[in-house]
Structures are given as C-alpha cells and as structure tokens.
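Could you put the whole structure together from the sequences, leaning on the hints where they help?
Residue numbers (this note's numbering): 115 to 753.
Here are the computed lysine-lysine pairs in the DSSO-like style, where the Cα-Cα straight-line distance is at most 30 Å:
#, residue 1, residue 2
1, K605, K283
2, K605, K489
3, K372, K283
4, K372, K715
5, K609, K350
6, K365, K391
7, K365, K605
8, K609, K659
9, K283, K304
10, K659, K372
11, K350, K315
12, K391, K381
13, K588, K315
14, K659, K588
15, K605, K628
16, K588, K628
17, K372, K628
18, K372, K609
19, K315, K609
20, K552, K588
21, K425, K715
22, K552, K187
23, K605, K315
24, K304, K605
25, K628, K350
26, K350, K304
27, K187, K233
28, K233, K609
29, K315, K628
30, K273, K350
31, K315, K304
These are computed hints drawn from the structure, not numbers from a lab.
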Amino acid sequence: MSRFNPALYEKTPMVSVLDNRGLHVRDMGYHRAEVGSATDTRITRHQYNTQGYLSQSLDPRLHASQQNDSTIKPNFIWQYDLNGQILHTDSVDAGRTVTLNDIEGRPIITITATEITQKWQYEAPSLPGRLLSVSEQAVNVSPRITERLFWSDNSQQAKDNNLVGQCIKHYDPAGLNQLQSGSLTGAILKQSRQFILNDQKANWTDNNLGALDNTLHTTQSTVDATSALLTQTDTKGNLQRLAYNIAGQLKGSWLTLKDQNEQIILKSLTYSAAGQKLQEVHGNGVITDYTYEPETQRLISITTHRPSDAKVLQDLRYDYDPVGNVLNIRNDTEATRFWRNQKVVPENSYSYDSLYQLINATGREMANIGQQSNKLPPPVSPIDSSTYTNYTRSYSYDNAGNLLQIRHSSPATNNNYTLNITVSNRSNHAVSQDLAEKPEQVDTQFDAGGHQMNLIQGQSLNWNSRGELQQVNKVSSNDSLEEYRYDSSGKRMLKIGEQQRVTYLTGLELRTTKNGNSITEDLQMISVGEAGRAQVRVLHWESGKPAGIDNNQLRYSYDNLLGSSQLELNSSGQIITEEEYYPYGGTSVWATRNQTEAHYKTIRYSGKERDATGLYYYGFRYYQPWVGRWLSADPAGTI
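Listed below in structure tokens is the structure:
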C-alpha cells in the first residue's frame, strides 16, 4: 500500500502572482520527487497587452531554453481586435491560426496552421443572420462546400412539428442530417441521417446534394415536460424506455428489441441527499452498492454482488491522499495468490511527487503479457488468476509535465523494459524514441497543425482539413487500415476498414463485415445508458452470428473509478470478461470465459472505444495508451 508522507509537500505551495492591474502574471510550483530531495521552482509566465488581454504564455521548460536560444517561442502568442476577440493565435504545439470576424462577432474567415482557408456564409442582414454554408480550400485547390444548412419556413407543417426557425437539413462532411420533429422545449423528437457515398468527399453544391447513400437512418424520441428522454426508437426498431424519480434522476430503464418482449435493464437506482448513487439493481439481478467518505464525499467502495448465490463479484476499495489523488485500490473479491515464490495481492498502489504527478505504481499483470504496445494481449481463457504476477512502474517527467520515461519491472517473469519518450526542444510535441531519438527530430513527426504523422515506425496517419484523423495506414498485410468520417460537430460517424464498416448512430452501432462483396456478418450493438456502471450493450445479429455466443446477448459493464470497463456480466449475472489496466491505459489483465465473446468487447479504458489500431477515441482527440500521449494538440487551446 502507498503511504502518504506529508513531509514531501512541506513548503511546496502553488503560488499565483498578480500585477498591479490584478492580472495573473506568474504561476509558481515547487517540485520535489521524494522526501529530502532538492526542491525545484517551476514558473509559468504570462504577459498582457495594454488593454489587459493575455498576449503570451510560457512554460518553465521553454523559458529555460529561451535563455540559450532566443528563437524559442512562447507556448502561446495571441493578438486581438478592438473588441477583445482573438484574431491570431500562434501555438508551438498547434501552429498558427488567423480568424476574422464580422461586425456581429461571427467568424467569416479562418486560415488554419495547415493553410486551409475556411469561410462562413450567413443570411442577409434583413434576415436573422443564420449560417448558410461553410467552405474549405487548401492551397492551389478549388474550394469545397463542406457544410450547407437549410432552415424551416413558417408553413403549417413546420408549425405542427415545432420546426419554425430550426435547421431542418444540415449537409456536413458525413452526409445529411434532417430534423423532422421537435418538442416545445427544443428537444429533438425525430431526426434522420444519410451518409455520403464512400467514394465522395463533401462538396455540397446544388449539383452534388444527391451524393448520398439511399439508406435513411431515423431515430425517434419522446420526452417529458423537462425534455428528459422517455423513449427512444432507433433506426432498426429497438425501443428504449426510461423512468425518473421526483428529482429528475434516472431510476429505471427497459429495452424492447424489435418484435420481442420488453426486458428490464435497470430495475432501480437510489441516491443520497447529495445526489450520489447509493445502489443500482440491474436486470440481471446483480446489485451494486456505493459508499462515500462522509467528510469529502469521495467514493471509497464499489461492491457488486449476485444475490441468487450470495456471490460477491467485485469489491473495490479506494484510499486517497488529502487532495484526492488515489493512493490505493484493492479488490477484496480476488484472493491473494502465491506464484514463483511471490505474493500477488489484487491491489494497485500509486505515489506522486509534490506536483501530484504519478511517479510510481504497482499492480498485477498476466505472466505472459510481454511489453506493452499498440496490440491487445491475448486473453487468458478460461478465467484463471493463478498465474498473475506483480509489476512495478516508475514515471519521469520534464519541467513542463511531459512524460519522458516509463520503466516497467516484473522480476518473476523477467518482463523488464523501458519506454523512452523524446520531447521536442521547441514545443511540447513528443513521440516514442523509436520514432525520433533526438529532440531536434521530433517536430518532423508532426504537421504544421500539431498532428502526429506516424503512429508507429512505418505506419503513417492522414488528417483531414479540419484536423481530424482521417486514415491510419497499414504497415503490413497483418495490420488494419482504418478510415474515419465525422459530422459537423467533430463526432465520429463512420469507421471503415478493409473488411468491416461501423456506423455510429444514436444508441446504436451497425457493424457490417464483408468478404469481397458478400456480407459475412451483420451485427447491431445497442447501447442502453451512458458509459458507466449503468451501461448495457446488446449484441443482435441479423446474420453471421459466430458459434460460441448467444444472439441478443446482454453485456453489463461494471466499471472502476475512471469508468474503465473492468467486469462484464451476462443477463444471468455470470462473468463474461475481466480486465485490469496500467496507469495511462493499456491492459495488464485480460481474461474471458470464451474467446469468441472476448472479441466483441469494444469499450475498455475510461469507458472509451479501443480501435484496431490500439488508439482510444475520446471525441475530439485520439489517445495512445502505450505512450501516454494524445495524437494531436488540444483543440481547446489553454482551456
């Protein structure tokens, strides 16, 4: 168990310095890795213009580099118009962006770091000024209209469907989204999605509005007076129903697969006076109880048990330091094992430096797991924890908080290795050492917008004009090529591989596998509830169901504090899979009762989908768990 030592944090406050205008000019932190070691002062510097707007920010590492090289730029440089809106942003990580706004403060032209010119067109001044189109143009290429919006009129049909003044057709990079009905409170009651043809790029001129797949995916909903969702029917006719208590909190959910009887997903959910979940009773009869620390309201235990045979399936216990960092996690359901003269306890411990950066971690892993990479380790089947072994990990960082090294040690299996991460000397770009050995080489691994161009050695990445990952290319015939498409908000709508296509709709994923032109598998994955302990995924095969798995299988996900899927149970509360994770992601333990069932687990670390590439998709960015880094710069900037 990790021990908290207050002496480590003595005289290491976080200090904010204000100038005579009350502007925040310095952030001072004091770094100490262990008790008795020297304390390192780290200062982040901010500058403001005469109007009081933030004009520069510089982290401690780049400031130190500036003392020897005056060409090193600040992390961020901003320029503003007379109204205080940002005109120009220069980021060492995300590149240079220029945005011009009109008199109403709406963007009209943006030139991105990758030299893409985006233009927004609005209604005439005599009208409400709504957006009509977005165009994008690369250098020496004709512009494309990537978005086009059509707004409802004041007709009787529009009034009957509460659509007056609403955008009823939105052509975007993924295709066409149509709003067909809304509630008085503005909730969407009926909408449809059509996808752009596979061989087309979005260019929604009048002549190209028909470049769409013929299939119309329609989702219908009903809501209550507060706009809380009551029912949702997906494009395949599967109906979800939800109920709420008097406080508006979810208390139950049900699912009716098309042409089948309704089944309970969540029987009941009770809450504390503070609104925290106390107990969930699921449709498979399994009960989850939550306990919180009275003084801080931090979660200190999650207990999941099956009343039918009094079986405790999961009993997670959490210990924290005074500021809320997790020090220890124990799973009291698992037995302590002895393997190769070592005691293997089902717990994880963590220790931190004075800046709360994780520096040491211990846990258990499979004996044959090998070095962590972008590949998922083969699962243990059937489930057997007798050959798990202990591991220790240590982490080191630079003065800007960039992860520099992961040292892994598992003496019983001699699974010892070190991952070195090379950080640029002019930015916070970083890649594993096998992609760049010297800091001067790192920036060549990124484009002007801060997008990483190689995933691993020889596997290149393509990005679209909006800075979204478009394609992961193959290294060899054994690797997967994947292509992605997104809607106007940046949400991923399609994942297209050489054999499999995944279509993401509201509450539903359509997974189609082909061999040549023949469909070998047609699978619907229905999601009930949000990612977390109340989420259930239902696997319904229209065709191509493999042997060894039931059709319409219910998979209840039981997660840890981070939302990582740690335990999956079926409709009768029997274990399907178990999984544990290293810090920063990556699978350390992966066990299943059945190899076929294991293949259909897609939601893993922090409740996100793991792609065949090994990347996790978080909505606006992709995450590399084996390196502990994002694939691109933060689109939110300094927020």
